[in-house]
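We have chain A; now place chain B onto it with these hints.
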Amino acid sequence: MVRYAAQRVGLLLLTLALVALVIFTITSFLPTDAAETKLGILATPESLEFVRQQLGLDQPVLVRFWSWFGGALRGDFGTSLVFQTEIGPLVMARLANSAVLAGLVLLISVPLGIVLGMWAGSREGGAIDRIISWVTLTAFSFPEFVWAILLIFVFANILGVLPAASIITGSPFDDPAKLVMPVATATIVVLALTIRMMRQGTVQTLELDYVRTARLKGLSEWKVFRKHVMGNAIAPAVTATGTNVAYLLGSLAVVETIFSFPGIGSLTVQAANNRDVPLLAAAVLLTSAIVTTANLVADLIVVGLNPRLRKS
Amino acid sequence: MTAMARDNDTSGRAPRAPRARWAAGRSWWADLSWTGRVAAVVVLAAGLIVVFGAAIAPYSATDLNPEALLVAPSADHLLGTDNYGRDVFSRILVGGRATLLLALLCTISSMIVGAIVGITSGYIGGTYDMLVMRIADVLQSIPSLLIALLVLAVFGSSIPILVLAITLVFFPPIARIARTAALQVAKLPFTEAAKVRGEGTLSIVFREVLPNAAPTLLTEAGLRFSHSLLTLAALGFLGLGVQPPTPDWGLMVNEGRAYMSAAPWVVLAPAAAIALVVLAVNVVIDESKGGRA
Chain A
1 MVRYAAQRVG LLLLTLALVA LVIFTITSFL PTDAAETKLG ILATPESLEF
51 VRQQLGLDQP VLVRFWSWFG GALRGDFGTS LVFQTEIGPL VMARLANSAV
101 LAGLVLLISV PLGIVLGMWA GSREGGAIDR IISWVTLTAF SFPEFVWAIL
151 LIFVFANILG VLPAASIITG SPFDDPAKLV MPVATATIVV LALTIRMMRQ
201 GTVQTLELDY VRTARLKGLS EWKVFRKHVM GNAIAPAVTA TGTNVAYLLG
251 SLAVVETIFS FPGIGSLTVQ AANNRDVPLL AAAVLLTSAI VTTANLVADL
301 IVVGLNPRLR KS
Chain B
1 MTAMARDNDT SGRAPRAPRA RWAAGRSWWA DLSWTGRVAA VVVLAAGLIV
51 VFGAAIAPYS ATDLNPEALL VAPSADHLLG TDNYGRDVFS RILVGGRATL
101 LLALLCTISS MIVGAIVGIT SGYIGGTYDM LVMRIADVLQ SIPSLLIALL
151 VLAVFGSSIP ILVLAITLVF FPPIARIART AALQVAKLPF TEAAKVRGEG
201 TLSIVFREVL PNAAPTLLTE AGLRFSHSLL TLAALGFLGL GVQPPTPDWG
251 LMVNEGRAYM SAAPWVVLAP AAAIALVVLA VNVVIDESKG GRA
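Going down the list, the protein sequences come from chains A and B. Residue 273 in our numbering sits at position 273 of the first sequence; the count goes up by one each step and never skips. Residue 281 in our numbering sits at position 281 of the second sequence; the count goes up by one each step and never skips.
Each hint should be verified, as a subset may be incorrect.
Here are the in silico distance ranges between beta carbons for each label pair [unchecked claim]:
(1) ALA17/A / VAL38/B: 45 to 55 Å
(2) SER171/A / PRO73/B: 41 to 51 Å
(3) ILE161/B / GLU46/A: 26 to 36 Å
(4) TRP29/B / GLY125/A: 18 to 28 Å
(5) THR25/A / LEU64/B: 34 to 44 Å
(6) ALA17/A / ILE124/B: 22 to 32 Å
(7) ILE135/B / ARG8/A: 41 to 51 Å
(8) ILE161/B / ARG215/A: 55 to 65 Å
(9) ARG74/A / GLU192/B: 50 to 60 Å
(10) ILE124/B / LEU107/A: 37 to 47 Å
(11) LEU216/A / LEU101/B: 48 to 58 Å
(12) SER171/A / ASP63/B: 47 to 57 Å
(13) LEU44/B / LYS223/A: 19 to 29 Å
Residues of chain B clear of chain A, computed beta-carbon distances all greater than 12 Å [to be verified]:
(14) LEU44
(15) ALA45
(16) TYR59
(17) PRO66
(18) TYR84
(19) LEU104
(20) VAL113
(21) TYR128
(22) ASP137
(23) ALA186
(24) PHE206
(25) PRO211
If you're looking for bench data, these hints aren't it; they were derived computationally from the structure. Where is the CB? At the ideal position from N, CA and C, for every residue including glycine.
Next up, chain A with everything else stripped away, as it sits in the complex (with noise of 0.2 Å):
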């Protein structure tokens, strides 16, 4: 398992080394280069030389890669163009936000999508089935901006009971009620996916024959749903968690802007608004390592619930 385990890290920092390729291989067909954007309308061919020497634009393309690359690994990512202070600080602030957020989203979520998951999936094609999978079809396939906005207009301007924006400057836990718009709307379209995916775990579980041998020797349906479809089902539940961080992360970028919460997301949205490309750069690189991270415990809390798959 430790092999298995330290193999896979390995890959992940492979893999996030070729995400970092990716994002500067997209950024450098910029048709403005750092030292244009830097001095404005006070370029001159000289004084432009003297800034891309200082810095290192002419450098060639894989010693920028890696000194780009190279400083984001010890937190250093360069100066933001429009904030005009140092990228990591920022972000990391913003990303301790974004954190509450996601970590709410994922506390009612996760627990609630396998319950009902289960719930569907055990009662196949019945009321209670049907039920389930048509709230949760129509509940992914509003856009979450159309949900957000449904939200603001039930609870803010008709009831009045929740704030419309949720601009905070301190601790996100200081006023409580800015958080529950926003972590609603996330959770309708991730709180859907999980259930749709637990239901399908479900499903075919109990399709196996070892359950149909476990019902036919007489034991009752809870005690075969809980001796031998939990257990089973849970795997693809842990999965689907790891898949979610990333579709969550993708999300809260339009949910952050919406309620004007000040995290990761909504940072990286105003970034590319004002095309501030070095704080988008960093902001892309550092929720793909977490979408990355995530999926990576996701696989090893799978195998390590199921060793026989260390073997692929």
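Below, chain B alone, put in the same frame as chain A:
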């Protein structure tokens, strides 16, 4: 937004030979439940909007009318007017063409790239296969909305760049499916037979591998279409998608947000349009795969 999380097969049943369903149109319709049929009609209506939307729109989608700002829905303006006095119903119809055609274009582009990459990768194998799948892995570990944001920020937003960004995000999962299909087909007797007959690789791929992978790829195309629509809507909403004054549905929701309390129809109409089409497409796919929603 990592759309890939949305594309798991959630029908929860063993895949029933999908080929027969897609191939035989009549039995496909007969097998749909009434909800599936309603959904199919909605998808058809969306198609009609693309073709005839601009022709049947009662007003211009872009002309300003200062005398009718934020007018509530009425016989004159079925879905009211927006803050510039533009008829919302007409903007939905005209915007439908832009929104749906762009999503279709993105779907076709990612399907073509994904199918070519996946089938060649599965068929050729070896180092090429390993390299290509590694790149696909890497692209899939960046949340898709974020790559799109990065591409749009660097190149600026335009129709070709939007198509490029969405293709970059959506081709890896398609390539993976196409590769699996190609690997399965490559081992089948008729492919071996074609090889023995001395047919070239390209001819085998197009005549044997592609037709057999088509049903799976068609289902995937449907899913990609609904994801393209959602992703483009999110980008439009964030101000990085289709640029004004083009009446894009996502952009319309964003522009109307400020008037939500005074004139909710400006937001609700385009939001409902997006959700209705995505839901209808999802239901049709779900039922065509053999599950009941």
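Starting from the range 37 to 47 Å, see whether the pair ILE124/B and LEU107/A falls in it by beta-carbon distance.
46 Å Cβ-Cβ, so the 37 to 47 Å window holds.
Examine each Cβ of chain A, and state whether all of them lie more than 12 Å from the Cβ of PRO66/B.
26 Å, holds
Would you say the C-beta atoms of TRP29/B and GLY125/A sit inside 18 to 28 Å of each other?
Since TRP29/B and GLY125/A have Cβ atoms about 22 Å apart, the given range 18 to 28 Å holds.
Range first: 34 to 44 Å. Now tell me if the beta carbons of THR25/A and LEU64/B are that far apart.
Holds - the Cβ-Cβ distance for THR25/A and LEU64/B, about 43 Å, lies within 34 to 44 Å.
Could you see if the CB distance from ALA17/A to ILE124/B stays within 22 to 32 Å?
Taking Cβ atoms as reference, ALA17/A and ILE124/B lie about 26 Å apart, which means the hint holds.
Cβ distance range 41 to 51 Å for ILE135/B and ARG8/A, holds or violated
19 Å, violated
So is ALA186/B really clear of chain A, every C-beta pair being over 12 Å apart?
20 Å, holds
Against chain A, does TYR128/B keep a CB gap of more than 12 Å to every residue?
17 Å, holds
Honestly, do ALA17/A and VAL38/B meet the 45 to 55 Å range at C-beta?
Taking Cβ atoms as reference, ALA17/A and VAL38/B lie about 49 Å apart, which means the hint holds.
How does the Cβ-Cβ distance of LEU216/A and LEU101/B compare with 48 to 58 Å: does it lie in that range?
The hinted range 48 to 58 Å holds for LEU216/A and LEU101/B, with Cβ atoms some 55 Å apart.
Should the hint that SER171/A and PRO73/B are 41 to 51 Å apart at their CB atoms be regarded as holding?
Holds - the Cβ-Cβ distance for SER171/A and PRO73/B, about 44 Å, lies within 41 to 51 Å.
Are all beta-carbon distances from LEU104/B to chain A longer than 12 Å?
Nearest chain A Cβ is 18 Å from LEU104/B, so the label holds.
Checked against the numbered hints given earlier, this structure breaks hints 7, 13, 22; the rest are met.
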